[in-house]
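Peer 1: Top to bottom, those sequences are chains X and H. So the first sequence is numbered by the numbering used here: it starts at 1 and just counts up by one. So the second sequence is numbered by the numbering used here: it starts at 326 and just counts up by one.
For the record, the hints were derived by calculation from the structure and aren't laboratory data. Values in this document were obtained by computation on a predicted structure and should not be read as measured data. You may find that some hints are simply not true.
What the hints assert, rightly or not - Quick look at which bits of chain X chain H covers, simulated, 3 or more residues with Cβ under 8 Å:
{"#": "1", "stretch": "32–40"}
{"#": "2", "stretch": "85–92"}
{"#": "3", "stretch": "306–318"}
Unchecked claim - Below, in silico cross-link-like pairs of lysine-lysine (DSSO-like), each with a Cα-Cα straight-line distance of 27 Å or less:
{"#": "4", "chain 1": "X", "residue 1": "K226", "chain 2": "X", "residue 2": "K43"}
{"#": "5", "chain 1": "X", "residue 1": "K238", "chain 2": "X", "residue 2": "K214"}
{"#": "6", "chain 1": "X", "residue 1": "K117", "chain 2": "X", "residue 2": "K226"}
{"#": "7", "chain 1": "X", "residue 1": "K226", "chain 2": "X", "residue 2": "K214"}
{"#": "8", "chain 1": "X", "residue 1": "K317", "chain 2": "H", "residue 2": "K361"}
{"#": "9", "chain 1": "X", "residue 1": "K76", "chain 2": "X", "residue 2": "K226"}
{"#": "10", "chain 1": "H", "residue 1": "K361", "chain 2": "X", "residue 2": "K298"}
{"#": "11", "chain 1": "H", "residue 1": "K392", "chain 2": "X", "residue 2": "K30"}
{"#": "12", "chain 1": "X", "residue 1": "K167", "chain 2": "X", "residue 2": "K226"}
{"#": "13", "chain 1": "X", "residue 1": "K315", "chain 2": "X", "residue 2": "K7"}
{"#": "14", "chain 1": "X", "residue 1": "K7", "chain 2": "X", "residue 2": "K30"}
{"#": "15", "chain 1": "X", "residue 1": "K117", "chain 2": "X", "residue 2": "K283"}
{"#": "16", "chain 1": "X", "residue 1": "K191", "chain 2": "X", "residue 2": "K283"}
{"#": "17", "chain 1": "H", "residue 1": "K392", "chain 2": "H", "residue 2": "K402"}
{"#": "18", "chain 1": "H", "residue 1": "K402", "chain 2": "X", "residue 2": "K226"}
{"#": "19", "chain 1": "X", "residue 1": "K30", "chain 2": "X", "residue 2": "K260"}
{"#": "20", "chain 1": "H", "residue 1": "K361", "chain 2": "X", "residue 2": "K315"}
{"#": "21", "chain 1": "X", "residue 1": "K117", "chain 2": "X", "residue 2": "K7"}
{"#": "22", "chain 1": "H", "residue 1": "K392", "chain 2": "X", "residue 2": "K34"}
{"#": "23", "chain 1": "X", "residue 1": "K167", "chain 2": "X", "residue 2": "K238"}
{"#": "24", "chain 1": "X", "residue 1": "K17", "chain 2": "H", "residue 2": "K392"}
{"#": "25", "chain 1": "X", "residue 1": "K7", "chain 2": "X", "residue 2": "K192"}
{"#": "26", "chain 1": "X", "residue 1": "K34", "chain 2": "X", "residue 2": "K17"}
{"#": "27", "chain 1": "X", "residue 1": "K167", "chain 2": "X", "residue 2": "K117"}
{"#": "28", "chain 1": "H", "residue 1": "K361", "chain 2": "X", "residue 2": "K167"}
{"#": "29", "chain 1": "H", "residue 1": "K402", "chain 2": "X", "residue 2": "K316"}
{"#": "30", "chain 1": "X", "residue 1": "K7", "chain 2": "X", "residue 2": "K43"}
{"#": "31", "chain 1": "X", "residue 1": "K17", "chain 2": "X", "residue 2": "K43"}
{"#": "32", "chain 1": "X", "residue 1": "K43", "chain 2": "H", "residue 2": "K392"}
{"#": "33", "chain 1": "H", "residue 1": "K361", "chain 2": "X", "residue 2": "K76"}
Cβ atoms here follow ideal geometry from the backbone N, Cα and C, with glycine treated the same way.
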Amino acid sequence: MYAQMIKSEATQDDPEKLAAFQARIDAGEKIEPKDWMPEGYRKTLIRQIGQHAHSEIVGQLPEGNWITRAPTLERKAILLAKVQDEAGHGLYLYCAAETLGVSRDEITEMLLDGRMKYSSIFNYPTLNWADIGAVGWLVDGAAIMNQVPLQRTSFGPYSRAMIRICKEESFHQRQGYDAIRKMAEGTPEQKKMAQDALNRLWYPSLMMFGPSDKDSVHSAQSMAWKIKMNTNDELRQKFVDQTVPQAEYLGLTIPDPDLKWNEERGHYDYTDPDWSEFFDVIKGNGPCNVDRLAARNKAWDDGAWVRDGLLAHAKKKAARQHAAE
Amino acid sequence: MKNEWPLWEIFIRGQHGMSHRHVGSLHAPDAEMAIKNARDVYTRRNEGVSIWVVEANHIAASSPSDKGPLYEPSESKVYRHPTFFDIPEEVGAM
Numbered sequence: 001m002y003a004q005m006i007k008s009e010a011t012q013d014d015p016e017k018l019a020a021f022q023a024r025i026d027a028g029e030k031i032e033p034k035d036w037m038p039e040g041y042r043k044t045l046i047r048q049i050g051q052h053a054h055s056e057i058v059g060q061l062p063e064g065n066w067i068t069r070a071p072t073l074e075r076k077a078i079l080l081a082k083v084q085d086e087a088g089h090g091l092y093l094y095c096a097a098e099t100l101g102v103s104r105d106e107i108t109e110m111l112l113d114g115r116m117k118y119s120s121i122f123n124y125p126t127l128n129w130a131d132i133g134a135v136g137w138l139v140d141g142a143a144i145m146n147q148v149p150l151q152r153t154s155f156g157p158y159s160r161a162m163i164r165i166c167k168e169e170s171f172h173q174r175q176g177y178d179a180i181r182k183m184a185e186g187t188p189e190q191k192k193m194a195q196d197a198l199n200r201l202w203y204p205s206l207m208m209f210g211p212s213d214k215d216s217v218h219s220a221q222s223m224a225w226k227i228k229m230n231t232n233d234e235l236r237q238k239f240v241d242q243t244v245p246q247a248e249y250l251g252l253t254i255p256d257p258d259l260k261w262n263e264e265r266g267h268y269d270y271t272d273p274d275w276s277e278f279f280d281v282i283k284g285n286g287p288c289n290v291d292r293l294a295a296r297n298k299a300w301d302d303g304a305w306v307r308d309g310l311l312a313h314a315k316k317k318a319a320r321q322h323a324a325e
Numbered sequence: 326m327k328n329e330w331p332l333w334e335i336f337i338r339g340q341h342g343m344s345h346r347h348v349g350s351l352h353a354p355d356a357e358m359a360i361k362n363a364r365d366v367y368t369r370r371n372e373g374v375s376i377w378v379v380e381a382n383h384i385a386a387s388s389p390s391d392k393g394p395l396y397e398p399s400e401s402k403v404y405r406h407p408t409f410f411d412i413p414e415e416v417g418a419m
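Excised from the complex, chain X in its bound form (with noise of 0.2 Å):
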């Protein structure tokens, strides 16, 4: 997902407190910034929050890479109107992340330095723009996954920027399919590159839920603590339930020989996406992680003169009508 492999911290806190915080959270109530909290939740919520905010920012930059060279002023218009949501959602998750005592400082630092992640999606490249109808289709198809029952999740701030991000999102998987569809049924050449960003982008897709619940040590907690509502098969097998029709609709086919319907589960049986690709993409080996990290460092020191500036200027402004009054 937008946060893969949040590693849970252990609590050590008073067994009573730690009774006391989970029967809340039983009981449906939302922790709120000043209630008492566990060490552990604190720090596994600053992680994930801060993962999922990371994700929203450098993933702005796969799409950001095609807004000059959209293919109408419509769909160039849509395009910048999507990307300009990500930057939205990632301030909404920054601003959760700071109510848990991190600063907004702190916590880009981490990710321009490499010691916080993003989602292991936005390092592959987007090529050409069927590559940006299939990352709205797909992409967004996926995160929406996760974040419609986070909307549930337990912290009051992350819950509430989950509702917010969750009415805006449904756009940008609506337009990406919309923008597939017409290279779908346009041209044979079109239609050839449709196939070919599915054919690229469905196993990195697949891995955006992260490793199978079997090698995920992490999710009880979690799942105890309400910040992860489903385990990672749960949502991958929603998702393809949901593609695959999707796909065909298109006239496309999904990437995968052994995919077939069952009918005893209910469900579609898939291939797994190969997990070894997966942990070297986390380990910045994947094919933009060094692009990705120096864009956003650049971004960051380009604009230092930008921030400095305007606060140098409106400490300025404020001492000046201090000294009026």
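Model the placement of chain H on the given structure of chain X, informed by the hints.
Peer 2: Just chain H, lined up with the frame of chain X:
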């Protein structure tokens, strides 16, 4: 990195006649920029007709541990609610 812009809390009036509601926060160097940023971050889809911004460190908040002393006293004052009083049917709507 010590030059972080202050945090502002953002309140938006969704429609005419409604009160401003807290929608979230953002960083900005001053109030003017906070309003401009709030417009971009929180009203991209006609969510508002008016924006208030307040620097977050100017907000004083009650503490969760005061919940008892602050709110429990009103629990025993059921007579504050109109339904506490039985009005005879013959009297009509009141």
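Peer 1: Tell me, in ascending order, the numbers of any earlier hints that this structure violates.
Peer 2: Of the numbered hints given earlier, those the structure breaks are 9, 13, 16, 18, 19, 25, 29, listed in rising order.
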